[in-house]
Amino acid sequence: MSLMQLENILGLFRGKELSEAEKKEVIREALFMTLTRATAADTNIAGLEVATVQRILKDAVGEDVSEKDIRVAANSALYTEGSLEKYLSGVAGKFDASERCAIVDALAKVLKADGRVSPFEVDFFNGVVKALGLSHADVAGLE
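Per this note's numbering, the sequence shown starts with residue 1443, numbered consecutively.
No lab work stands behind these hints, which were simulated from the structure alone. Remember, it's a predicted structure, so these values are computed and weren't measured experimentally. There's no promise every hint is true.
[What the hints assert, rightly or not] Distance condition first, Cα-Cα at most 20 Å in a straight line; then the derived SDA-like pairs of lysine to any residue: (1) Lys1510 x Arg1470; (2) Lys1551 x Ala1539; (3) Lys1528 x Ala1544; (4) Lys1528 x Leu1584; (5) Lys1554 x Gly1532; (6) Lys1536 x Ser1577; (7) Lys1510 x Thr1485; (8) Lys1551 x Val1507; (9) Lys1551 x Thr1485; (10) Lys1466 x Lys1510; (11) Lys1572 x Ala1539; (12) Lys1500 x Ala1488; (13) Lys1536 x Lys1572; (14) Lys1551 x Ala1482; (15) Lys1465 x Gly1532; (16) Lys1572 x Ser1540; (17) Lys1466 x Glu1505; (18) Lys1554 x Lys1528.
With the hints as extra help, turn the sequences into a complete structure.
The following block contains the structure:
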């Protein structure tokens, strides 16, 4: 999934209504954007984090994503147009809680991949959870 293929998420911000297939694609795009951006949350893009993103995307959406695409997307100019949190809060209402929790679960795996979680990564995680409109109970799997 290249950065150039994020047309569904961008279309959503232009007011486009989504079909069920397009909704699935928006979930894939949100997962891609969240996980790639997470690799740069602490300004140090670790190889283990990139490999974890590759594995999660392969398992979750069946796509092989190159290390280069992940590194480019992590620091993309896309985020100068608006923060990831802005994009996620805009699409959160289109996803059910289990879909939003799946993104957060995958994010936690990426952030833990290198064996340490920095304060910047904790802030990033909390921002994503808030943007997705999840409660503490949702994230803990209690609801």
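Status of each hint after checking the structure:
no.: 1; hint: Lys1510 x Arg1470; in the structure: 18 Å, holds
no.: 2; hint: Lys1551 x Ala1539; in the structure: 18 Å, holds
no.: 3; hint: Lys1528 x Ala1544; in the structure: 19 Å, holds
no.: 4; hint: Lys1528 x Leu1584; in the structure: 26 Å, violated
no.: 5; hint: Lys1554 x Gly1532; in the structure: 27 Å, violated
no.: 6; hint: Lys1536 x Ser1577; in the structure: 17 Å, holds
no.: 7; hint: Lys1510 x Thr1485; in the structure: 16 Å, holds
no.: 8; hint: Lys1551 x Val1507; in the structure: 17 Å, holds
no.: 9; hint: Lys1551 x Thr1485; in the structure: 18 Å, holds
no.: 10; hint: Lys1466 x Lys1510; in the structure: 24 Å, violated
no.: 11; hint: Lys1572 x Ala1539; in the structure: 13 Å, holds
no.: 12; hint: Lys1500 x Ala1488; in the structure: 19 Å, holds
no.: 13; hint: Lys1536 x Lys1572; in the structure: 15 Å, holds
no.: 14; hint: Lys1551 x Ala1482; in the structure: 14 Å, holds
no.: 15; hint: Lys1465 x Gly1532; in the structure: 13 Å, holds
no.: 16; hint: Lys1572 x Ser1540; in the structure: 15 Å, holds
no.: 17; hint: Lys1466 x Glu1505; in the structure: 14 Å, holds
no.: 18; hint: Lys1554 x Lys1528; in the structure: 24 Å, violated
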